[in-house]
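Working from the sequences, and respecting the hints, build out all of it.
There are 2 protein chains.
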Amino acid sequence: MTVSKPNVLVIGTGGVGAIVAYELSLVEKCTVSIVVRRDYSTVSASGYNIHSCAHGDVAGWKPDRIYASVEEARKESYDFVVVSTKNLPDITKVEDLIEPVVTEGKTTVVLMQNGFDIGRPVIQKYPENCCISGVSHIGSHNTNGVITQTQKNKCLVSYFPNDSLPIDTQIAQAKELVELLSHPKNDIIYFESAKWYRYRKLVYNATLNTVAALTRVDTGRLLLSGGLEAISIPAMKEVLKVAKADGIDLPEDVVNLVVHSDDGDWFKPSMLVDVEKGNPIELEVILGNLLTVAKELNVETPVLSLLYELLKVVQYSLKEKAGLIKIPNVRPANEKTFK
Amino acid sequence: MTVSKPNVLVIGTGGVGAIVAYELSLVEKCTVSIVVRRDYSTVSASGYNIHSCAHGDVAGWKPDRIYASVEEARKESYDFVVVSTKNLPDITKVEDLIEPVVTEGKTTVVLMQNGFDIGRPVIQKYPENCCISGVSHIGSHNTNGVITQTQKNKCLVSYFPNDSLPIDTQIAQAKELVELLSHPKNDIIYFESAKWYRYRKLVYNATLNTVAALTRVDTGRLLLSGGLEAISIPAMKEVLKVAKADGIDLPEDVVNLVVHSDDGDWFKPSMLVDVEKGNPIELEVILGNLLTVAKELNVETPVLSLLYELLKVVQYSLKEKAGLIKIPNVRPANEKTFK
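Protein chains in written order, with UniProt numbering: chain A, 1 to 339; chain B, 1 to 339.
If you are wondering where the hints come from, they were derived from the structure by calculation, not from laboratory data.
Ideal Cβ positions, reconstructed from N, Cα and C, are used throughout, including at glycine.
Incorrect hints may appear among the rest.
[Stated by the list, open to error] Now the stretches of chain A that chain B is said to cover, found in silico as 3 or more residues with beta-carbon under 8 Å:
1) 211–217
2) 221–233
3) 253–261
4) 264–274
5) 296–306
6) 319–333
Written as structure tokens, this is what we have:
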């Protein structure tokens, strides 16, 4: 008797997605399809060239199938759809992006993406499907189909609780993903609470990442200039307050741990790198979703809220640079009375 | 009997200072010396070339005397010292800069500069001298000794109240300056309250100028992106609250007037222009001094305070760019425990 392997689709093959697809394929417990947009012609012709600290040099690797779009990928039915695109719901909503490849009651959606409470819109739209959280700590980037991995894939896998489904099913799906992806050269760990872990990440991302992006300094200069203590640490305390109201107790020393996490480096967090490159920032999933929860829980967040409003202006201008917003040459008249 | 003319020194001959010096000299009621730093060799050799909407083209204009530094200018004794440098007390304190040319009990100090409550440190250091406020509305810039004036010099002259001196003396000094500078081609107006006028200017400068500098968008895009209503208008209300506590009632419709003041233009305020050019910003005199007064009056300013802390980080990085702060290549170790 042959049991057919699970069918997995990876959407978003930047540095993270390409290594995840490659490792899924190395483990050989599933078939692997990928959606490649920008690099489709290169990758479909000659595959990926991978230079990896974990896997050495790999020339011309291809997964089982390569699609140019999610729409094309709907030819198959998937057990897992792994999303590792940048998470920009104000531009593209993940729950809409994956619609062609989600089979109701079958496909488990894996969000291997940045951000907080990102399972909510997926579960709302697909209440019969499991939604899995993957938080990947990996150093890897994709330059025109050439993947350079500088840090082993350490990934924490949890489920985003879906009240319509039995918990056991959700745990089983998370653990199945761990099995499909686990390889001696990576570190794939089942972790009980997606919420805990994503709050823990926010202590950095909502406070140091955001302030660095806004002031355009690395986290070392943020410390030296006094901004860390005047802005980021008060912001961290607001994150902890929201977490506590949400039933999550983070460790007492988390502020100190987070502040010291870049010690020794003039480190530029991801949002700052995006701003410098003129790319839209993951503002909604890092701050927007947190502020939604804070509001639901009646927790005041004056610092985080103002950072959010300021970064929304920055995001507006990044979208304009990316051609997503068009501004007329002549400033439109405005008759409104402001009070 | 000949009465000697008052002796006036102008320090800071950018676009504003050069036109002020030129107009003082045109009126011929005083002798005019200037301190020129960057352009000294050009200006002392061949004078200023002025292209002016008010005065036409003027070739090779020189005042009575030209000095390369304030130290050099101490050879004379002055009735008025007009300061029209950029106002950056975190880099150079005006009260220290002018020390060589202020004669106790004689020299009237005229601050023709941006900012709020800027008379305070001057009066503290020179309690026997009058301190005059000049708020200049002029379009004028200096490019290597060539002055281009695009908008007539409209200047509001008041005194910064000095409790050690009779009010009448202070009013008389302000009015004397008006007389020395008034010319058919400018508009020099005595205005009673320096404080009122400088609060009025803050409604724009502390809120639109600062937020534009931080988010790096012009005031038109600030409106379109929602930042005006989410950030700048709440900040304006804080300015009005401080003003009220300080005894200054601004007009009811001031918010609306200020918001509409750039109508029709994608206008970049001065702080944004400075940030884009990599020049230090006038943060301390625009926000720092206001927050000092707010604290003295026990007025809460959460929005303005956070904007100030964020812009302090930006200022730190602008000072680094200008070579005023040196950062080591290797990030220094930090043993502190953050809580």
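Hint-by-hint comparison with the structure:
With 5 residues bearing a CB less than 8 Å from a CB of chain B, the region 211–217 of chain A meets the requirement of three and the coverage assertion stands. Under the rule that three or more residues need a Cβ within less than 8 Å of chain B, the assignment of the region 221–233 of chain A holds, with 12 such residues. For the region 253–261 of chain A, the stated coverage by chain B holds: 4 residues have a C-beta nearer than 8 Å to a C-beta of that chain, and at least 3 were required. For the region 264–274 of chain A, the stated coverage by chain B is satisfied: 3 residues place a CB nearer than 8 Å to a CB of that chain, which reaches the threshold of 3.
A count of 3 residues in the region 296–306 of chain A with a Cβ less than 8 Å from any Cβ of chain B is obtained; the coverage claim is therefore met, three being the minimum. With a cut-off of 8 Å between beta carbons, the region 319–333 of chain A has 5 residues touching chain B; three or more are needed, and the interface restraint holds.
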